[in-house]
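Chemist: Working from the sequences, and respecting the hints, build out all of it.
The lines below spell out each chain.
There are 2 protein chains.
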Amino acid sequence: MLTSLPHLGTEEAQTGRVVRFSDYQIEMAHGAGGMASRRLVEGLFAPLFGGTLLTPLTDAATLEIGGMRLAMTADGFVVRPLEFPGGSIGELAVNGTVNDLAVSGARPIGLLTTFVIEAGLPGAVLERTTRAVADAARRADVPILGGDTKVVEHGKADGLYITTSGLGVVDARVSLSAASVRPGDVILLSGPIGDHGITVLLARGDVDLDASLRSDTRSVWPMVKRLIAAAADGLRWMRDPTRGGVATSLNELARDASVGVVIFEDRVPMRAPVRGACELLGLDPLHIANEGQFLAVVSSERAESALAALRSVPGGEEAAIIGEIRDSPAKTLLCLAPYGTARLVDMLVGDPLPRIC
Amino acid sequence: MLTSLPHLGTEEAQTGRVVRFSDYQIEMAHGAGGMASRRLVEGLFAPLFGGTLLTPLTDAATLEIGGMRLAMTADGFVVRPLEFPGGSIGELAVNGTVNDLAVSGARPIGLLTTFVIEAGLPGAVLERTTRAVADAARRADVPILGGDTKVVEHGKADGLYITTSGLGVVDARVSLSAASVRPGDVILLSGPIGDHGITVLLARGDVDLDASLRSDTRSVWPMVKRLIAAAADGLRWMRDPTRGGVATSLNELARDASVGVVIFEDRVPMRAPVRGACELLGLDPLHIANEGQFLAVVSSERAESALAALRSVPGGEEAAIIGEIRDSPAKTLLCLAPYGTARLVDMLVGDPLPRIC
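One line per chain: the protein sequences are A and B, in this order. Counting from 1, one number per residue, gives the positions in the first sequence under the numbering used here. Counting from 1001, one number per residue, gives the positions in the second sequence under the numbering used here.
If you are wondering where the hints come from, they were derived from the structure by calculation, not from laboratory data. Fair warning: there could be bad hints in the mix.
Every beta carbon over 10 angstroms from chain A, so not counted as near; a handful from chain B, in silico [said to hold, decoys possible]:
#	residue
1	Ser-1299
2	Gly-1316
3	Ser-1328
So the derived list for chain B, only partly shown, Cβ under 10 angstroms to chain A, looks like this [unchecked claim]:
#	residue
4	Phe-1021
5	Gly-1066
6	Phe-1077
7	Ile-1117
8	Leu-1145
9	Leu-1160
Negatives, chain A to chain B, calculated, CB over 12 angstroms [said to hold, decoys possible]:
#	residue
10	Leu-145
11	Ser-175
12	Leu-209
13	Ala-303
14	Glu-318
15	Ala-320
C-beta: ideal position from N, C-alpha, C; glycine also.
Modeler: Right, dumping it as structure tokens:
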């Protein structure tokens, strides 16, 4: 995910110099997509880069060029292990970037991949990864335009890191922003949550659990495209809930839009092995990373047509309306369970599952 | 530098599957920009990504969008140490990407930076690096549109790696390609070579040499812009000679254009400390990396106006015509020294100075 800078203080942005980041050293949590990441982005990157920022950023930056609106994004991939059921760093590096463009309403038109490789990586692993990138790009119907390769000494990387940048053309019918979200709007989710995070966790072998799960890594553009066609005039906001999961994305929405976000626990699609693993390990599935799902907020008038559109796409059969936007409690995510219990769910703090993507 | 795929075999590109890379494991040389890098790119990346390639690649990929020609590039930076006289990884990450766009004839309009950080990196180092990125972007007059941040465990990176992607608008007057280079054309160089590579080498402290040198890291766009204005109709080819140095860039030109490239050793600008260090260490300055210079081939009619244009830009006073294109010996770089001695200079083989950028 592109770092999100939704609340750029204009003073910092203009003076370009008011840094408020005093953490003594960088910890894993700074890369987890939750509270520490936000502190790093808002305290250090936003003030320093703010003076030159063209647009407030969400998943991709947008630019007007030659009368067209372009979206551009960049994502680093450091997943461990490199290969896991359902995919590898290669698929993630394509789909993660394609999805950041897609949830910005942009059709992906080109990718660049940069490999930082540890000396000693077997040539066969590099070949498999490169094939995975090529195949995922072909499935997502987006060309790999090129890239760069750097090699560092043995022990100075963990096999292979990939950074992918992507360019897309924003659909002219789409106008997305947290600010346009209104009480009464509904929240859609494209499919079951947690498959990617739990799959990678189990693939590490640190936990003695066996479950038939696969990463959900895929391009969500086919679903987004159908959603835009069906409900563009009611489409307010989209996000792919990767690091930090659904809870972090919806907390950011609640803060950025100053609304209350309410979800109904029993409407959130989830596979039994994910539910079971989370219960055993004390994890909240709402914090688990996904790599092939997205959240959308649409007006209540467009809710049913939007849901029908998502469900009509192969792989979208489990899409659901999982919640709604309310006036209050503002800036929070409330999760309502059957029988009337309610709990506040915060964004991810710390990082129970580092290097998930 | 974006990986260069100039000789994409069409069969491989169309079938997308004929991999000819059988190296048992990845070595430092695969990232050095010389022979092994070319083997990796031509044997693995080109066949697999070729099926989706839109354009033959040089320093940046170009795309037609909305009637405009855009250039897009991505570069990984893994320099060691992170800071050195005259700059840091932060300046390189901006200028290296800006320069790849510039030598594609493109005015840079936006950058994205992705940080892969090792846990334990002092917050102060990250702050200095981020300021270096911001300041270099301001000097190069290009906005940082956003980026991504990932953190890996202590021991799984070397402080900090940065990948930068950049978007630019290609000047409509420019048409660059190795294929357009003709015997009789002249070769220009923007200034003295080797400052960056030797500065970083000395900053590592492995060599007991003291020299007052600074990295030449800077944006070359102001010089390129002036060159385009003065000689666009005679401008054939440009390249920034980073990894692998001037010799590797000119060897690639000789092969891609099937011409002989001849340079005159005594016309290649070089500072005394670079010459001295290279003599002591047995390095060829033509193989040393530069981060603020570029090579250009222009028609002989435009040679003098092109040189005058470069020299009129602050920092371009030492620009020189260093050689010429000939019919033969084809596909080689010949370096002529005073008193009539001649030597063939190949592209870099192996990597005497790893992680220079």
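Chemist: State for each hint whether it applies.
Modeler: Consistency of the hints with the structure:
no.: 1; hint: Ser-1299; result: holds (28 angstroms)
no.: 2; hint: Gly-1316; result: holds (25 angstroms)
no.: 3; hint: Ser-1328; result: holds (31 angstroms)
no.: 4; hint: Phe-1021; result: holds (7 angstroms)
no.: 5; hint: Gly-1066; result: holds (3 angstroms)
no.: 6; hint: Phe-1077; result: holds (8 angstroms)
no.: 7; hint: Ile-1117; result: holds (5 angstroms)
no.: 8; hint: Leu-1145; result: holds (4 angstroms)
no.: 9; hint: Leu-1160; result: holds (9 angstroms)
no.: 10; hint: Leu-145; result: violated (4 angstroms)
no.: 11; hint: Ser-175; result: holds (19 angstroms)
no.: 12; hint: Leu-209; result: holds (23 angstroms)
no.: 13; hint: Ala-303; result: holds (31 angstroms)
no.: 14; hint: Glu-318; result: holds (29 angstroms)
no.: 15; hint: Ala-320; result: holds (29 angstroms)
When held up to the earlier numbered hints, the structure conflicts with hint 10 and nothing else.
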